[in-house]
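Residue numbers (this note's numbering), protein chains in the order written: chain A, 1 to 356; chain B, 1 to 260.
Just so you know, the hints here were simulated from the structure itself, not pulled from any lab data. Remember, predicted model here, so these are calculated numbers, not experimental data. It is possible that part of the hints are untrue.
[Unchecked claim] To give an idea of the interface, some chain B residues facing chain A are shown, with a C-beta separation under 7 Å as derived from the structure:
{"hint": "1", "residue": "Gln161"}
{"hint": "2", "residue": "Val165"}
{"hint": "3", "residue": "Arg167"}
{"hint": "4", "residue": "Thr168"}
{"hint": "5", "residue": "Gly170"}
For each residue, glycine too, the CB sits at the ideal point set by N, CA and C.
For reference, the chains in residue letters:
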Amino acid sequence: MIRLENLHVRVGTFDLRDITLEVPKGGYALIIGPTGSGKTTLLEAVAGHARLKAGRVFMHDDEVTNLPPEQRGLGFVYQQYHLFPHLSVRDNIGYGIGRARGRRDRSDPGARIAELADMLAIGALLDRQVRGLSGGEQQRVALARALAPRPSILLLDEPFAAVDPATRQVLRRELRELHEREGITTLQVTHDFDEALRLGDLVAVLAEGRIAQSGTPEEVFRYPNSAFVARFVGTGNVIAGVVERTDPGNGAGSFRGTFRGGSLVLDVVAEREGPIHAVIRPEDIVLSLTHHPGSARNHMDGKVVRLERIGPVTLVHLEVGRPLIASLTTQSVEEMELKAGKPVMVAFKATAILLV
Amino acid sequence: MPVRSLVSRVVLAALGACLVLFIVGPLLRLLFFASPESLGAALRDTELRDSIVLTVFTASLATLIAALFGVPLAYLLARRNFPGRRLVQGLIELPVVVPHPVAGIALLLFLGRRSEVGGALAHLGLEFVSHVPGIVAAMLFVSAPILVSGAREAFRGVDPQLERVARTLGDTGWGAFRRVTLPLAGRGVLAGSILAWSRSVSEFGSIVILTYNPKVASIYIFDRFTAYGLQAAVPAAVILLLVALTVLVVIRVLQPEERR
Chain A
1 MIRLENLHVR VGTFDLRDIT LEVPKGGYAL IIGPTGSGKT TLLEAVAGHA RLKAGRVFMH
61 DDEVTNLPPE QRGLGFVYQQ YHLFPHLSVR DNIGYGIGRA RGRRDRSDPG ARIAELADML
121 AIGALLDRQV RGLSGGEQQR VALARALAPR PSILLLDEPF AAVDPATRQV LRRELRELHE
181 REGITTLQVT HDFDEALRLG DLVAVLAEGR IAQSGTPEEV FRYPNSAFVA RFVGTGNVIA
241 GVVERTDPGN GAGSFRGTFR GGSLVLDVVA EREGPIHAVI RPEDIVLSLT HHPGSARNHM
301 DGKVVRLERI GPVTLVHLEV GRPLIASLTT QSVEEMELKA GKPVMVAFKA TAILLV
Chain B
1 MPVRSLVSRV VLAALGACLV LFIVGPLLRL LFFASPESLG AALRDTELRD SIVLTVFTAS
61 LATLIAALFG VPLAYLLARR NFPGRRLVQG LIELPVVVPH PVAGIALLLF LGRRSEVGGA
121 LAHLGLEFVS HVPGIVAAML FVSAPILVSG AREAFRGVDP QLERVARTLG DTGWGAFRRV
181 TLPLAGRGVL AGSILAWSRS VSEFGSIVIL TYNPKVASIY IFDRFTAYGL QAAVPAAVIL
241 LLVALTVLVV IRVLQPEERR
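Start from the sequences and build out the full structure, keeping to the hints where you can.
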């Protein structure tokens with residue numbers, strides 16, 4: 001278990017503030033955020049490399065705020081691997097075995113190295129020097145090295161950023177399996193929400209040194225609480241505008257209103273008036289070639305700008321007086337014979353519009 | 001444009017060759033100027049032998065002292081951002097730009113019996129002027145900057161993240177330094193030390209002011225030259241040159257591949 005309470009870390013002029021987060025025992029949490037949002041600083045603070053200005057860090061109910069890194073019992077994998085260049089692969093992996101306080105492991109270090117090498121398919125590399133290993137191989141060695149002393153907590157700093165996409169897929173799967181097998185509480189940093197969706201039980205979106213939103217990946221993706229989070233996690237179309245009330249309403253709760261964002265006027269169900277962002281998920285947008293409003297309250301004429309095929313799904317880039325992206329199955333795109341320049345009817349329900 | 005690039009390459013090569021010849025030419029001339037017999041005679045000359053032994057001993061002592069105080073400083077300069085770091089870095093490099101006789105005079109004033117520091121040390125039995133400690137002090141003054149900057153660059157070449165990794169793997173700060181940083185920077189630190197050592201061996205300007213006798217090799221050669229002329233100075237000069245060449249080869253071997 002990792003618990004962070006109101007962490008405040010200052011690095012140069014950058015502040016990481018009010019960080020409160022709990023990763024349950026055996027959980028897998030991801031911190032996501034753009035470059036410069038303070039992700040790495042946060043991990044370094046958890047590891048004990050960064051000095052805290054305020055706040056407390058707990059691991060398994062023990063406070064470790066003032067403990068040096070070597071007494072926290074954690075493994076740390078960096079984006080750039082940082083293998084020890086003067087040691088062989090075997091010695092890299094064995095570096096921490098039997099060294100850390102409170103993890104005195106009387107079993108044979110060779111056995112642990114062999115076990116990890118087997119798990120990560122790097123048995124053939126053990127006697128090699130670190131120089132000359134591929135990015136994927138280096139990352140496996142770095143993982144094995146971090147796991148070798150059997151840490152109860154694993155910190156990962158963008159571990160897959162520097163490997164090619166095919167290797168990344170494989171490593172992600174292996175990491176998830178390893179996590180389940182070893183039951184390690186894991187905290188990973190990434191700038192890739194896709195990774196969070198695939199790996200995490202819990203995500204926290206970091207923006208300018210603060211946690212903008214945290215929850216399950218599904219929650220954050222479906223119900224972003226701000227335009228920033230919506231844009232960052234790629235929820236879809238984020239449109240700035242203003243909401244006006246159209247029905248007198250019954251006092252409390254939601255009411256029906258009109259959202260105006262540029263040339264776009266939408267019927268919405270809102271909870272407050274004034275400046276706001278409308279978020280429309282691409283899969284909630286319905287396209288048709290003939291006008292059929294159905295139950296959708298918002299419909300407009302549009303034109304296909306371009307198609308972006310991502311496997312079985314195709315993103316249809318539309319122009320409706322402003323750009324809009326719809327997501328359809330590739331099959332229906334083919335059935336409708338959509339192509340750039342083709343006029344289409346665009347519709348979505350008022351309830352499909354999330355106002356943040 | 002192949003013609004132009006060919007011309008420019010020839011011009012660059014010619015300019016470089018001139019300078020290399022200018023450096024190699026005199027040294028080769030010196031090497032072959034002395035007859036084997038005169039070299040043999042020089043080696044049998046106890047005064048020359050004593051001066052070489054004294055030079056090697058004092059230079060080694062100066063290097064050890066420089067390493068003892070300089071390696072931690074080099075690590076600090078490479079890794080920590082403390083107030084006044086740039087100032088310290090500038091001060092430590094000062095001896096490089098100070099003319100060596102000037103350094104000698106400054107050391108004489110600082111360590112002579114009439115200064116407070118020199119007087120106090122003399123009271124403790126440590127005499128500098130016209131004594132062996134004077135040679136070591138002069139060598140230390142001129143060579144320490146070389147050792148510190150060499151070691152500093154060596155430490156700078158080691159990714160500080162490696163230490164952090166070692167810490168998360170259970171090492172203390174000192175353990176990480178000993179097991180990661182030092183092995184990785186070791187060759188660079190050693191190369192810097194050898195460079196400092198050879199700088200000490202070749203020092204003349206400040207030693208001549210501080211301690212003329214007992215004579216180190218460079219002063220012995222100067223002494224032979226002024227007292228007996230060129231022929232008498234050459235064999236000793238050749239032997240010192242050979243020592244320097246050996247050191248150069250050792251440094252080249254020690255230097256990490258990528259920096260060669």
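Evaluation of the provided hints:
1. Taking 7 Å as the C-beta cut-off, the interface hint given for Gln161 (chain B) holds, the closest approach to chain A being about 5 Å.
2. Evaluation of the Val165 (chain B) hint against chain A yields a held restraint, the C-beta minimum of about 5 Å falling below 7 Å.
3. Checking Arg167 (chain B) against chain A: minimum C-beta separation of about 4 Å stays under 7 Å; hint holds.
4. The interface hint given for Thr168 (chain B) holds, since its Cβ lies 4 Å from the closest Cβ of chain A, which is under the 7 Å cut-off.
5. Taking 7 Å as the C-beta contact cut-off toward chain A, the hint placing Gly170 (chain B) at the interface holds, the least distance being around 3 Å.
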